[in-house]
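Can you build the whole structure from these sequences, using the hints too?
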Amino acid sequence: LAANKEVGQLVDFIRKLHDRQALEKREARRRFLGGEGFVAWPGPALKKFIDEFVVHNRLLSGGFVVNGRTVTLADITCPVMFFVGERDTIASESAVRAIRGAAPNAELFEVSMRAGHFGLVVGSQAMSFTWPTVASWVRWREGAGPEPSVLQAPPPLEEPEEASFDQVDFDLELFYRTVLGTFGALWQRLGRTATDLGEQLDNLRWQVPRLSVLQQMGPDTRVSMGLALSEQAASNPEGTFFLWEGRAFSYAQADRRVDNIVRGLIRCGVRRGEPIAVLMGPRPSYLSVTAALSRLGAVPILLSPDRDVATLREAIHGSAPRFLIADPQSAALGKELLDEVLVLGAAHEQRALPSGVTDMELIDPDTVELPGWYEPNPGCARDLALIMLTAGRGKKPRAAKITNQRWAFSAYGAAAACTLSPADTVYCCLPLHHPAGMLVAVGGGLVGGSRLALATRFDPDGFWGDIRRYGVTVVFYAGEMLRELLRAEPSAADNENSIRLFAGSGLRRDVWQRIVDRFGPVGILEFYAATEGNAVLANASGEKVGALGRPLPGSAEVALVRYDFESEEFSRDEHGLLMRCQVEEPGVLLARLDADHPLASFTGGDEAGRRLLRGVFEANDTWFITWDVLRRDADGDFWFVDRASRMLRTEAGIVATRTIEDALYGFPPLRHTVVFGVDHDGVDRPVAVVVTYGNQSLNLQAWNEFAAGLDPSERPAWLKRVERIPMTDGFRPDKAALEGESLAAAAELFTYDERTQAYR
14 LAANKEVGQL VDFIRKLHDR QALEKREARR RFLGGEGFVA WPGPALKKFI DEFVVHNRLL
74 SGGFVVNGRT VTLADITCPV MFFVGERDTI ASESAVRAIR GAAPNAELFE VSMRAGHFGL
134 VVGSQAMSFT WPTVASWVRW REGAGPEPSV LQAPPPLEEP EEASFDQVDF DLELFYRTVL
194 GTFGALWQRL GRTATDLGEQ LDNLRWQVPR LSVLQQMGPD TRVSMGLALS EQAASNPEGT
254 FFLWEGRAFS YAQADRRVDN IVRGLIRCGV RRGEPIAVLM GPRPSYLSVT AALSRLGAVP
314 ILLSPDRDVA TLREAIHGSA PRFLIADPQS AALGKELLDE VLVLGAAHEQ RALPSGVTDM
374 ELIDPDTVEL PGWYEPNPGC ARDLALIMLT AGRGKKPRAA KITNQRWAFS AYGAAAACTL
434 SPADTVYCCL PLHHPAGMLV AVGGGLVGGS RLALATRFDP DGFWGDIRRY GVTVVFYAGE
494 MLRELLRAEP SAADNENSIR LFAGSGLRRD VWQRIVDRFG PVGILEFYAA TEGNAVLANA
554 SGEKVGALGR PLPGSAEVAL VRYDFESEEF SRDEHGLLMR CQVEEPGVLL ARLDADHPLA
614 SFTGGDEAGR RLLRGVFEAN DTWFITWDVL RRDADGDFWF VDRASRMLRT EAGIVATRTI
674 EDALYGFPPL RHTVVFGVDH DGVDRPVAVV VTYGNQSLNL QAWNEFAAGL DPSERPAWLK
734 RVERIPMTDG FRPDKAALEG ESLAAAAELF TYDERTQAYR
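Using our numbering, the first residue of the sequence shown is number 14, and each one after it goes up by one.
Don't read these hints as lab results, they were simulated from the structure. A hint or two may mislead.
[Unchecked claim] EDC-like mimics (lysine to aspartate or glutamate), calculated; alpha carbons at most 20 Å apart, straight line:
1) K748 to E497
2) K748 to E736
3) K557 to D646
4) K748 to D675
5) K748 to D321
6) K348 to D321
7) K557 to D650
8) K348 to E374
9) K348 to D379
10) K557 to E598
11) K557 to D523
12) K748 to D641
13) K748 to E767
14) K348 to E388
15) K557 to D675
16) K557 to E581
17) K748 to E761
18) K557 to D648
19) K348 to E327
20) K557 to E597
21) K61 to E251
22) K748 to D319
23) K748 to D692
24) K748 to D697
25) K748 to E493
[Stated by the list, open to error] Across the chosen pairs, the derived CB separations fall in these ranges:
26) Q709 to R623: 39 to 45 Å
27) T324 to M592: 37 to 43 Å
28) R527 to N708: 18 to 24 Å
29) D474 to G259: 14 to 20 Å
30) Q709 to G666: 30 to 36 Å
31) H588 to R623: 20 to 26 Å
32) S105 to P739: 48 to 54 Å
These figures come from a predicted structure and were not determined experimentally. Where is the CB? At the ideal position from N, CA and C, for every residue including glycine.
Quick look at the structure:
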């Protein structure tokens with residue numbers, strides 16, 4: 014409380030010692046401010062209170078933690094009455110009315126009165142208005158009385174002569190300096206929104222060390238997922254690491270769990286450096302196992318339980334792991350792949366495990382003696398971190414090796430580009446076996462010190478419930494995921510959310526703009542990251558809708574080179590060297606390989622040779638071929654064009670399938686569209702496969718009117734409407750699956766007639 018006002022209250026009290034009636038009116042307030050109205054918080058509890066409710070403002074955003082469980086005002090469904098003090102300088106009117114966004118599922122009743130913060134509850138009007146109003150409202154809700162008239166037309170109430178009491182304000186600046194000096198965390202979050210300068214300073218506080226890590230990283234730098242968790246547990250043991258099904262788990266808890274799993278793995282015979290298959294659904298055990306293998310120095314092979322046995326067997330063939338770690342639900346599938354299956358997770362649930370598996374939950378870690386060779390977190394940047402199953406070029410999957418350096422570029426790059434801090438809650442509904450899930454969302458949240466809210470899958474209908482339950486501020490997306498959020502009818506609550514940023518890769522320009530327009534103010538951060546190479550781009554400013562941005566500091570040098578899509582050969586100059594693209598000229602993206610940016614390569618030998626080029630711009634240089642076609646504008650920002658294998662050789666010239674798809678999304682009834690080419694006398698003729706909203710029949714007249722406005726190169730030769738389009742784990746259409754289907758396999762099929770210039 015402000016010192017001058019505290020003294021003023023005491024002087025005023027002494028002046029009225031002769032007036033018993035005046036003192037009686039002040040007694041309730043005197044006792045309230047004297048200590049009886051406040052809770053004597055112990056130090057750690059006060060720190061927790063300030064951290065949750067002041068620094069991170071989680072009473073508004075949701076997701077504050079009480080006794081290990083997440084709580085949000087969005088869970089309130091009973092009627093709520095709230096009072097707005099028009100003279101309240103502690104809880105401003107806008108801050109109080111924010112309950113409408115924080116508790117969208119409750120029936121809310123507002124009462125306004127011209128009173129200060131304390132005057133609402135102990136002022137002269139409190140006994141004559143505030144509490145009688147509460148009592149009459151309760152009786153009305155119980156059906157025992159009429160509706161309070163103040164709810165229909167609130168009267169302009171004025172606090173009378175006790176205005177001196179209402180001037181007993183919080184000295185915000187004094188409180189700010191005190192708490193800042195004690196806890197070093199408030200920055201500009203106290204009270205109202207931070208100034209631009211304060212936000213920039215706050216960003217620099219967190220981002221400069223991360224950018225330095227990227228720029229100074231060398232092959233021998235110690236860096237790994239296991240090490241990052243150890244560091245967070247040492248610096249912030251009681252901080253929340255992840256949230257799962259309404260429960261909160263601290264860094265210290267997660268770190269202990271990882272250490273216990275390491276002991277269990279050693280007991281089972283797992284050793285440093287060996288590949289270990291991991292077959293699990295999205296659950297905390299997946300994170301724990303991956304971090305434990307990292308801490309041990311082993312290499313997890315992240316597999317999807319949704320793949321068939323033949324695909325999984327082919328994926329792990331080159332690595333030849335001895336062990337497979339599965340959750341109880343995937344244990345039977347794991348036994349079809351390997352003999353040695355270790356089961357982890359759901360220790361407190363009833364589990365029916367197949368015979369011949371090892372239940373790691375039965376191993377007492379305290380009975381395991383750590384061997385002399387064990388060194389926690391031994392991984393360096395050049396060492397192999399994990400192996401991920403990727404789609405590959407064509408239909409065959411391949412296992413791509415990810416080094417610790419590649420993991421670090423994804424994790425620290427995401428944390429820096431998204432300006433993640435402990436104030437953030439990151440939402441990950443992406444598969445953990447997918448690069449966007451494990452490398453970007455989990456990695457970024459871990460090194461950013463942010464809370465990680467895990468979901469079993471992306472559910473458009475349950476999405477906003479999770480956002481409010483956990484107080485999510487950053488959502489990581491992939492591919493066409495966010496398009497599904499636009500299916501629901503717009504509502505007044507669209508802008509009432511805690512999200513400040515959507516970040517990911519594969520977002521199309523039309524969805525980008527609609528997300529900002531509908532759910533704003535919200536930022537979009539588009540990434541590009543080659544899974545195996547070290548090329549990382551980020552549109553950090555978000556000013557150019559649809560752009561991939563520029564290379565992150567410390568990532569590999571990139572170059573766009575000319576490519577002849579007709580002959581499928583790189584263009585070369587008279588010296589046999591590749592040629593860089595001009596501004597706005599599409600070309601294939603390359604990433605330079607050197608001592609600081611090595612390539613872990615693939616588990617298959619032939620594919621590695623296809624992805625490396627030597628003697629590109631000079632005699633001994635080596636570059637990695639991403640096979641992605643990009644263009645670069647005059648400002649140096651990169652834009653995605655298509656995959657090289659998806660560029661069509663049409664009568665109108667070379668056309669990107671993505672260009673046609675982007676044009677077709679201008680037709681409002683289309684929910685999804687995929688374009689690929691069908692060879693016809695040596696020329697690619699575009700086929701558009703579409704899904705309409707509600708699977709409604711296509712209005713041919715409306716479609717023909719729309720198609721008439723398209724560029725001839727953007728008009729597909731065939732328009733095929735289907736009920737659904739299969740999606741990959743990364744929420745991208747599975748074009749390979751669609752290409753294998755007959756044109757006749759459609760709910761509706763239309764053909765473009767060149768003579769009539771219409772579809773029929």
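Practice task
Output the numbers, in ascending order, of every earlier hint that fails for this structure.
Solution key: Hints 9, 13, 14, 16 are the ones this structure does not satisfy, whereas the remaining hints hold.
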